[in-house]
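A.B. asks: Could you fit the two chains together into a complex? Lean on the hints.
So the sequences go chain by chain: A and B. Heads up: the first sequence at position 26 corresponds to 68 in this note's numbering, and the numbers run straight through without jumps. Heads up: the second sequence at position 71 corresponds to 385 in this note's numbering, and the numbers run straight through without jumps.
If you are wondering where the hints come from, they were derived from the structure by calculation, not from laboratory data. Some hints could be false.
Unchecked claim - A short, non-exhaustive set of chain A residues, derived as facing chain B with CB atoms under 7 Å:
| hint | residue |
| --- | --- |
| 1 | 73 |
| 2 | 241 |
| 3 | 245 |
| 4 | 250 |
As the list claims (entries may be wrong) - With a Cα cut of at most 20 Å, we get these calculated SDA-like pairs of lysine to any residue:
| hint | chain 1 | residue 1 | chain 2 | residue 2 |
| --- | --- | --- | --- | --- |
| 5 | B | 434 | A | 159 |
| 6 | B | 434 | A | 156 |
| 7 | B | 434 | A | 90 |
| 8 | B | 434 | A | 227 |
| 9 | B | 434 | A | 68 |
| 10 | B | 434 | B | 387 |
| 11 | B | 434 | A | 308 |
| 12 | A | 240 | B | 434 |
| 13 | B | 434 | A | 96 |
| 14 | B | 375 | B | 353 |
| 15 | A | 240 | B | 435 |
Stated by the list, open to error - To spell it out: a stretch of chain B is covered by chain A in this simulated footprint if at least three of its residues, at any positions, have a beta carbon under 8 Å from a beta carbon of chain A; those stretches are:
| hint | stretch |
| --- | --- |
| 16 | 331-341 |
| 17 | 362-374 |
Backbone N, C-alpha and C define an ideal beta-carbon position, used for all residues, glycine too.
For reference, the chains in residue letters:
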Amino acid sequence: MNHLLRNLAPISDSGWDAIDQEATSRLPTYLAARKLVDFSGPHGWSHSSTDLGRIATIAGPSEGVTAAQRRVLPLMEVRTEFRVSRIELDDVERGTTNPDLPELDEAIRQIALGENVTVFHGHQAAGLRGITESTSHEPIPLDRDVERSPDGVARAVDTLRQAGIDGPYGLAICPDLYTRIIESAEYGGHLLLDHLRKILGGPLVWTPGIEGGVVLSLRGGDFQFDSGQDLSIGYLDHDADVVRLYIEESFSFRVLEPDAAVALRLET
Amino acid sequence: MASEGLHEPLELLNEATVDHHRAMTSLCEELEAIDWYDQRVRATSDESLAAVLAYNRDDEKEHAAMALEWLRRRDSALDANLRKFLFTSGPITEIGDEVSDDASDPVTDQSGSLGIGSLKGRA
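So that you can see chain B by itself, here it is in the shape it has in the complex (with noise of 0.2 Å):
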């Protein structure tokens, strides 16, 4: 079995479906470890396991954005959200409001694409 997350039939579901399971139930995996390596830093008392902890910490933003960045290739809505709030500085909410009223940014906004991006592996 892919995994035990799968909510259909494996039959009911095609490669890529399958494929961006794999890739979420990971990204939800280094996402969870991140905040578990962060409780313990904060609970041990031992300076030289809190410093190994959080090196282990941050190891695993890498993986999360890594797997982050597999799952934007292959999702054009996933794409254009990220865009839109990432790497910006005024309160979060005020930026999606400010882009949903000013229609779409006509730079990076992906509506109308197909989502089709890289068949890398797909043969």
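Chain A with its partners taken away, still in its complex shape (with noise of 0.2 Å):
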């Protein structure tokens, strides 16, 4: 048994089953930054920090004695707790298929959304900096009527070739525009989605948590997401009704080549 302490829970073995197929069938869906970086791991739950490979130069400990120490990042751990209702998990032991895990979904969506904030725009308590903290390029204007995104989106990989990054490149892009995006339709009948796609050579990825959107390269080596332990569920306690549970990972974010991404900021 290990941290997540799961074979004390009341839960049967298919009330595991589908606890966990339920995060699973759900989390791709939001766990958008994790489309667009490279991810490294999981290494396990001891795995404590990223290996910089960089010094800080410090005092020596005694006379003639120079002194450096390694830099490393540590893994920031996040935690969303939420409940499933005992008449819940012994329904399924009945046979049913399609248990009410109502928290469960609502957990889900908060840490992915937390992960592709992190990824995104940083987490300062964490020292983890984000993609649009960390670019070297300006932020380019997005327009708000969609159709003339294809100019932003343009502009945006026109600014990573001139820096010499190479493709495919991938959008991340804030749910509202998204959708806007894949209701739209051009000039001429195009679906702005396969226009959109055409200029990146990559995918749009349906972003929530993101502000505006990112263009960055898919060529790989420039972001680097260092899994720890990956998402998990773990048990915290229980009464006669509920079952106390948490979904829960350990990580940490860098951006390895700053001039690899492009923020897109909304027009106001």
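C.D. replies: Next up, the structure:
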């Protein structure tokens, strides 16, 4: 048994299967950042930091001795708690195939959104810098009229090419704009979505949590998500009515090549 | 058709499962190639040909390792077992017994993981 303490929960194997299946079926929809950046790991719960391969010079311990300290990026642990009705778990034992797990669904949405926000905008409290904070390029205005969005996306792709950053490129875009893009047809009836894909040479990704959008290279080696423990469900406690569980992960994120992304800022 | 090796109708499989199948099929092909090259190396009496075949055989080992690593990153149970058995030195069956008798290694134990891993390319 590991620290998740799943064996202590009053949940049968089929109950755990139902909970895990619900989570694995919904998470990929929300986990937009993982569709665009490199993923390293999972390295396990005890993986505490990402090696940066750099040093910081510090005072030596005694005369004539110089010293330097290895620099590392500590992983951040994130967790969202939720409750599961024991009546629903009993019904799983009776054979129901569609248990009602509303708090799990909300916890999944929340933790995935936190991951996306960290990757694209960083999380200062954890010392993690996101893509929009790290990029070396000025943000490019994105017109709120989505039919003019190809202009901004094309400028972003051109900026990356001018910087010597090869494609294919992907676009992470906020849900509101994504929906308006897939609803839109340009002059001549061509889908705006297809036009943008041709400009990018890669996907448009529906990204809850992002502000505006980001165009980034998908060639690899530019953005690293370092996973300690990948998304896992653990046990907290229970009473006669509900079991309290949590979904958790540990990770760090760093931008290796600041030239490889351009932020798109929505015009006000 | 993605592959002749699919055992279930394609319409019942999701994209991730088909990609898994592609990777596993590639891994099998690489391992088979290693075996075939190895037999040819042993069989030929021409030393220069044996050297070429041995070079090609070892190249396939790199390909097999790459395919295996792709699978490991997406399969938490495979990841846990590779971490359990690879790069150890004792008798292999005893390593397995030690680990299973001694519960799981908290350092590498991925049980409870939802096995999401990388989603790059799944947009």
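A.B. asks: Could you run down the list of hints and mark each one as holding or not?
C.D. replies: Evaluated hints:
no., hint, verdict
1, 73, "6 Å, holds"
2, 241, "15 Å, violated"
3, 245, "3 Å, holds"
4, 250, "14 Å, violated"
5, 434(B) / 159(A), "17 Å, holds"
6, 434(B) / 156(A), "18 Å, holds"
7, 434(B) / 90(A), "24 Å, violated"
8, 434(B) / 227(A), "27 Å, violated"
9, 434(B) / 68(A), "16 Å, holds"
10, 434(B) / 387(B), "12 Å, holds"
11, 434(B) / 308(A), "26 Å, violated"
12, 240(A) / 434(B), "19 Å, holds"
13, 434(B) / 96(A), "28 Å, violated"
14, 375(B) / 353(B), "15 Å, holds"
15, 240(A) / 435(B), "16 Å, holds"
16, 331-341, "violated (count 0)"
17, 362-374, "violated (count 0)"
Against the hints set out earlier in the document, violations occur for numbers 2, 4, 7, 8, 11, 13, 16, 17.
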